[in-house]
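S.K.: What follows is each chain in one-letter form.
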Amino acid sequence: MRAAAFFTPWADPEGLLVWLEATFGLPRALFEGHRFWLRSDSGTLWLADAATFPPPGVRLDAFGMLAFRDPPPRGRPTNVFALRFGAHATRSVLDLDAADARRLLAGEPVAVTDAGEAGWRILRGPGQVLGMGRVAEGALRSELPRSWLLDVDPATGWGDA
Amino acid sequence: MSVALERYLDVVDDPVAFLACAARPLPRVIWANPLRQDPARTAEEVLRLCPEATPLAWRPDAWRLPADVKPGRWVAWMYGLVHAQEEASLLAASLVGAKPGERVLDLCAAPGGKTACLAVDMADRGTLVANDRSYGRLSAIRRVLDRLGVTCTAVTCGNGTVFPEIPGGYDRVLVDAPCTCEGTSRKPGRQHDLASPRYRHTIVQIQTALLRRALRLVRPGGRVVYSTCTYAPEENEGVLEAASTEAFHIEPVAAPPGLRLAPGLPAWEGRTFRPDMANAVRLWAHHNDTGGFFVAVLKREG
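First to last, the protein sequences are chains A and B. No gaps in the numbering here: position 143 of the first sequence is 143 in this note's numbering, and each next residue is one more. No gaps in the numbering here: position 104 of the second sequence is 104 in this note's numbering, and each next residue is one more.
Relax, there's no trap hidden among the hints.
Restraint-style ranges between C-beta atoms, simulated for each label pair:
| no. | chain 1 | residue 1 | chain 2 | residue 2 | range |
| --- | --- | --- | --- | --- | --- |
| 1 | B | Thr202 | A | Leu150 | 34 to 44 Å |
| 2 | B | Gly221 | A | Gly75 | 40 to 50 Å |
| 3 | B | Val162 | A | Ser40 | 17 to 27 Å |
| 4 | B | Pro66 | A | Gly159 | 15 to 25 Å |
Hint data in this document are derived by calculation from the structure and do not stem from the laboratory. A quick note: this is a predicted structure, and the numbers were derived from the prediction, not measured. C-beta atoms are modelled at their ideal positions from N, C-alpha and C, and glycine is treated no differently.
Modelling step: build the complete structure from the supplied sequences, incorporating the hints.
M.R.: Okay, here's the thing in structure tokens:
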């Protein structure tokens, strides 16, 4: 069991917003209704609705959504963060067709041409953000949690494509 | 046949239908998550994957699926476009009536199905505290909230009977109390023996303490919803009666379209209950082809 953690507002939201816009083209207006918080024991960054407050006097296990396990520029956004906001990204995005999206969910390698520079990518399929990926040495590596892929049947996705 | 259900044959309207239904598998119900995409788009996806899906009359963005369909394998599930929840449980969460920007407490939240419903009703704005006493069960809540993309929640691990107050109080509190789970007999592997008197006594003490605490945590005029997935009057009407040391009244619940609701019992085993107990709701499994459930909507007075 973990020791009690507390959450404090992230000291540099401005730097984070600048980084998100520069890296993924996510407009800062997207986060106007939210606040970033730092978790004391793990140094993780969390995103919560601006009106959400941590209840006092009780052990807090999570507050809003885990946005970064490690603050940028070292860390990348989490997959849950990507799913929530990735549709608005305009940079560092890889759009996959339905067949490649199914391959990704099946845990198979996805070949991409023009992968671009090494770095993080938000992966998208037709009409659906897929999660995070990373380009290294010209190849795409999936950053999707393995636990997500345990039960999913990729054939149930993208019936019309 | 479940021994645990035999004791209700005197108070149920159709004992044969009741026992027959309690042994049948439960239909699955899924609902569209509007935080991910427009439910109309999700509806197309659901009908593509399961043409037999029928929308609920009282909640058109939720569908009943045949018991053998496994939505947990869908890509649409993995990405949080839909969530599965028993229909009776969905009703209990809906009766909380959570609204955007409010301060809402789910006192016994794991595994998080009702929490998810509350977050969606709040349009992911405000403060939704999802508490559970069991640390090991918090991860289940977090998995649900992560998958659905919720940001308005604080997941806490505390004893609900002594949960700390906040200045001004919560607008709404849901007490989905631990219980003997007799109403879940239709879920796989959930045929229950009759609860021992000693266990029943213990759980009633806990339920009463949780409900009393909830009535202190909610602001005056605020709403407390008390629910269990059991038929036992000791754990339902009896608990409401025992918590009557706090000032509240039980509000009437209008039956949603397509659902048949039975009133709370006026008496059980020689014990009579307060007059507004008739406003409480008991869902018998055979009335709506759901699980068994009890829900009471309370308004704190003063």
